[in-house]
Amino acid sequence: MTMNEMLQPVVQSLQERFQAQPAEFRGEVSLLIAPEFNLEAVLALRDEFQFEMLLDETAVDYWPQNEPRFHVVATLYSFTRNVVIELRFPVDGNAAELRSLVPAYPSANWKEREIWDLFGIRFGGHPDPRRIVMPYEWEGHPLRKDYPLGYEEVQFSFNADQVDRHKRYAKR
Amino acid sequence: MADYRATSIDELRHLVSDRALSGETVLLNMGPQHPSTHGVLRLLLELDGEIVVTCIPDIGFLHTGVEKNMESKGYQQAEVMTDRLDYLNPLGNNLTYCLAVEKLAELDVPPRAQALRVILAELQRISSHLLWLGTSGLDLAAMSVFLYAMRERELILDIFEMVAGQRMMTTYIRPGGVWRDVPAEFEDTVQHVLNILPRRIDEYESLLTTNPLFLERTRKIGVLNTQQCMELGLTGPVLRATGKAYDLRKARPYSGYEQYDFNIPTQQGGDVYARYLVRVAEMRESIKIVEQALQKLPSGPVRSNNRKYVPPPRSEIGVSMEALIHHFKLWTEGFAPPAGHVYAATESPRGELGVYLESDGSPKPYRVHLNTPSFANLQAMPVLTKGHFVADVVGIIGSIDIVLGDADR
Numbered sequence: 001m002t003m004n005e006m007l008q009p010v011v012q013s014l015q016e017r018f019q020a021q022p023a024e025f026r027g028e029v030s031l032l033i034a035p036e037f038n039l040e041a042v043l044a045l046r047d048e049f050q051f052e053m054l055l056d057e058t059a060v061d062y063w064p065q066n067e068p069r070f071h072v073v074a075t076l077y078s079f080t081r082n083v084v085i086e087l088r089f090p091v092d093g094n095a096a097e098l099r100s101l102v103p104a105y106p107s108a109n110w111k112e113r114e115i116w117d118l119f120g121i122r123f124g125g126h127p128d129p130r131r132i133v134m135p136y137e138w139e140g141h142p143l144r145k146d147y148p149l150g151y152e153e154v155q156f157s158f159n160a161d162q163v164d165r166h167k168r169y170a171k172r
Numbered sequence: 173m174a175d176y177r178a179t180s181i182d183e184l185r186h187l188v189s190d191r192a193l194s195g196e197t198v199l200l201n202m203g204p205q206h207p208s209t210h211g212v213l214r215l216l217l218e219l220d221g222e223i224v225v226t227c228i229p230d231i232g233f234l235h236t237g238v239e240k241n242m243e244s245k246g247y248q249q250a251e252v253m254t255d256r257l258d259y260l261n262p263l264g265n266n267l268t269y270c271l272a273v274e275k276l277a278e279l280d281v282p283p284r285a286q287a288l289r290v291i292l293a294e295l296q297r298i299s300s301h302l303l304w305l306g307t308s309g310l311d312l313a314a315m316s317v318f319l320y321a322m323r324e325r326e327l328i329l330d331i332f333e334m335v336a337g338q339r340m341m342t343t344y345i346r347p348g349g350v351w352r353d354v355p356a357e358f359e360d361t362v363q364h365v366l367n368i369l370p371r372r373i374d375e376y377e378s379l380l381t382t383n384p385l386f387l388e389r390t391r392k393i394g395v396l397n398t399q400q401c402m403e404l405g406l407t408g409p410v411l412r413a414t415g416k417a418y419d420l421r422k423a424r425p426y427s428g429y430e431q432y433d434f435n436i437p438t439q440q441g442g443d444v445y446a447r448y449l450v451r452v453a454e455m456r457e458s459i460k461i462v463e464q465a466l467q468k469l470p471s472g473p474v475r476s477n478n479r480k481y482v483p484p485p486r487s488e489i490g491v492s493m494e495a496l497i498h499h500f501k502l503w504t505e506g507f508a509p510p511a512g513h514v515y516a517a518t519e520s521p522r523g524e525l526g527v528y529l530e531s532d533g534s535p536k537p538y539r540v541h542l543n544t545p546s547f548a549n550l551q552a553m554p555v556l557t558k559g560h561f562v563a564d565v566v567g568i569i570g571s572i573d574i575v576l577g578d579a580d581r
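Top to bottom, those sequences are chains A and B.
Take 1 as the starting number for the first sequence in my numbering and just add one per residue.
Take 173 as the starting number for the second sequence in my numbering and just add one per residue.
Excised from the complex, chain A in its bound form:
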């Protein structure tokens, strides 16, 4: 049985209920789902299709594209079916917020803290919305594509204040 056959009923059900758009690449199935259904879709997978574990949750920044600017990517695994499925939730750049997956999988806690820290995407209903790897007082979200990798960032009159704010020198 191929992986696709195992996933067929899952994909079909999510397509009907949440208008998920399936895609397959290199034998991996990913579903593009509207962010307002994120918790419902994940709960359906957990409770009806035995996806017991959240393997990974991360984000991708498609800057300068703004609508959607981010994709939040959740990878789920089912021990019973031995299959992996990927859910992608497009998130708008102007209002980067969606609901937290912690009610479905407690392991999403730190993963979402990391996404907030590095991408600046807010998770509504998250139990512990602090930064995780960057210092508490850090400004900016380093994994965004418009965040410079390093070196001295050139300040122009239009962005002088903005650049100044996340520069790492002692202030006053």
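Keep in mind that the hints were calculated from the coordinates and are not lab data.
A hint or two may mislead.
[Stated by the list, open to error] Residues from chain A shown here face chain B by an in silico Cβ test under 7 Å; the list is partial:
#1 Thr75
#2 Pro106
#3 Trp110
[Said to hold, decoys possible] Per label pair, the in silico range of CB-to-CB distance:
#4 A:Trp138 <-> B:Phe561: 32 to 40 Å
#5 A:Glu67 <-> B:Gln249: 30 to 38 Å
#6 B:Arg391 <-> A:Trp138: 38 to 46 Å
Built from N, CA and C at the ideal position, the CB exists for glycine as well.
Please arrange chain B on chain A, whose structure you already have, making use of the hints.
This is chain B only, laid out in the frame that chain A set:
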């Protein structure tokens, strides 16, 4: 330092119990420079006398922006960063990254390279478990195991030096195969180590497995059940110590693991002692795998012939114009896999190590995310330590086998 701001209790109000606010319980800072935290891990412990009420792990002291750095490098250069993540499992990290690149590019790997990858990944697992055995024994005051475990680890690191020229940061496994073929004395040296190891593992076991002091410090400490492991996303030896026989090498085999005959060791206890037993048994299973792989090590090339991704051998460059062009293209702009995204995972000594790789069709990875086992394991610390003594926190940290370079990235 002017904008430095200490964390105030108000920010952690939602994490500690009400008694901490009235001063009834004590908040104690453990780490980040404490040797028993296995790296720069800081734990904020809320203590009622000597009992842990809450444990708040604070990570990020080793955050080096690996993912951001990898996005700015070519696929070949980015691989060098993977060595530095989990510095006890560099070959396993290389392997996972290469599997992701190969999946993305549909790159073939010759059978000899597959077998060499398995041999090296399993030797790496043994060396990582040996270091874990030594250091976590040391945490529980079993001093002598450390010395013996480091002695055997040295033999394995010598093999890595022999094949890759480096003892730790090898970057030996490359997309499409391995860097170069192993030297002639490789097989004998590995066989020599395999002959020694089983006896030595018996020695470690004689020091610990039935040692009453060790049992006292490990049994019924840091207990997790399978359900909790799944909820917290824990894999690897921690999950297997709860009785769930889940191993990626069996569940979703890669690099030809399906050809080898080995067992998945499990235990029912779910405590520190069960994790110890699982890891020791895993070392024996790894020896079995290396032995089988060594016996049927095929001959042939060690890198793919796909010239769009793998540089041609030096001898071809002198006689073939095409080889020269490929070489030039690969070392100036690198290779550009088709656009798309893949997730590749391997069983690292600590659990499932996953690489999420997204390509936009350019010679640099658009997004690399490393789903690391130490990160998941650390998240379980509040559950693991609740209700235990402070002294047991040390044993629990040891038992989940964390590497902070892996957790912080």
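Hint check results:
1. Checking Thr75 of chain A against chain B by beta carbon gives a least distance of about 6 Å; that is within 7 Å, so the hint holds.
2. For the restraint placing Pro106 of chain A at the interface with chain B, the shortest Cβ-Cβ distance is roughly 5 Å, inside the 7 Å limit, so the hint holds.
3. A cut of 7 Å between beta carbons decides the hint on Trp110 of chain A: the least distance to chain B is about 5 Å, and the hint holds.
4. Taking the beta carbon of each, Trp138 of chain A and Phe561 of chain B are about 35 Å apart, inside 32 to 40 Å as hinted.
5. Taking the beta carbon of each, Glu67 of chain A and Gln249 of chain B are about 33 Å apart, inside 30 to 38 Å as hinted.
6. Between Arg391 of chain B and Trp138 of chain A the CB atoms are about 42 Å apart, so this pair conforms to the stated range of 38 to 46 Å.
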